[in-house]
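Note that the protein sequences, when read in sequence, are chains A and B. Positions 1 to 72 (the working numbering) are the ones given, in order, by the first sequence. Positions 1 to 142 (the working numbering) are the ones given, in order, by the second sequence.
Rather than coming from a laboratory, the hints here were simulated on the basis of the structure. There may be inaccurate statements among the hints.
20 Å max Cα-Cα, derived SDA-like pairs, lysine to any residue [to be verified]:
| no. | chain 1 | residue 1 | chain 2 | residue 2 |
| --- | --- | --- | --- | --- |
| 1 | B | Lys114 | A | Lys59 |
| 2 | A | Lys55 | B | Leu32 |
| 3 | A | Lys55 | B | Ala18 |
| 4 | A | Lys55 | B | Lys114 |
| 5 | A | Lys55 | B | Glu134 |
| 6 | A | Lys59 | B | Ala131 |
| 7 | A | Lys59 | B | Glu134 |
| 8 | A | Lys59 | B | Val29 |
| 9 | A | Lys59 | B | Leu32 |
| 10 | B | Lys114 | A | Pro69 |
| 11 | A | Lys59 | B | Arg33 |
| 12 | A | Lys59 | A | Pro69 |
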Amino acid sequence: MAAKEKLSISFAPDVVARVRHEAGEGHVSEWLEVAALLRLQATSLARLMESHGVKLSQKLLAEVEAEWPQSD
Amino acid sequence: MAAKRLILDGGALAALGAGDPRACHWAYVATLRGILLGIPAPVLAETLDGGAGDAAIGAAIPSHDAVLPTTREIAEEAGALRARSKRDDATVDALVIATALQHPGSLVLTTDPKELRLLAALRPEAAIAIAGIEGGRKKQRR
Chain A
1 MAAKEKLSIS FAPDVVARVR HEAGEGHVSE WLEVAALLRL QATSLARLME SHGVKLSQKL
61 LAEVEAEWPQ SD
Chain B
1 MAAKRLILDG GALAALGAGD PRACHWAYVA TLRGILLGIP APVLAETLDG GAGDAAIGAA
61 IPSHDAVLPT TREIAEEAGA LRARSKRDDA TVDALVIATA LQHPGSLVLT TDPKELRLLA
121 ALRPEAAIAI AGIEGGRKKQ RR
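Using the sequences and the hints given, assemble the complete structure.
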């Protein structure tokens with residue numbers, strides 16, 4: 001399924017860097033925990049979308065990205 | 001203070017559990033951005049009813065960590081927000097905003113953006129972002 005493939009991709013380096021920064025650079029176990037939770041979230045979401053037959057929509061993705069706060 | 005989250009209100013949680021495409025895409029983009037979902041515990045109380053629909057709601061919660069506890073500090077903030085809003089029926093919405101205040105930079109996803117924006121406007125310095133989606137199981141107002 002496309003959604004699962006997409007959601008299983010590695011997170012971009014800037015995302016990894018931000019997660020590390022927010023958890024605290026010295027707190028390796030904390031950012032590893034966040035990374036694990038993100039993986040879990042990705043898997044859970046892929047399963048949810050698959051069960052409801054929701055396909056990734058470039059139109060919806062573009063709409064969400066456009067509405068996402070600029071500060072991110 | 002904790003890391004930013006995509007915080008769901010009752011309507012957004014119900015929409016995600018029902019497989020609403022817009023809710024799914026918001027959660028998808030959050031995930032790709034490395035942002036965890038956050039569901040204030042009172043939102044669960046508002047959304048679950050002990051019926052058959054609870055399983056769908058549960059499927060939208062990726063981990064125990066996604067459920068954000070209500071501390072005394074959050075409860076006090078929510079009480080103040082509710083009182084200032086003069087909306088006695090906005091307790092859970094006020095708890096959503098008060099929880100977001102504990103996670104700076106968070107985005108609140110809701111099916112009731114008008115109400116949530118009114119509450120968020122009471123703490124303008126926090127600049128809480130609110131995003132609205134339509135649909136989902138109608139949340140009960142308490």
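**OP:** Would you pick out the hints that fail for this structure and give their numbers low to high?
**Re:** 1, 4
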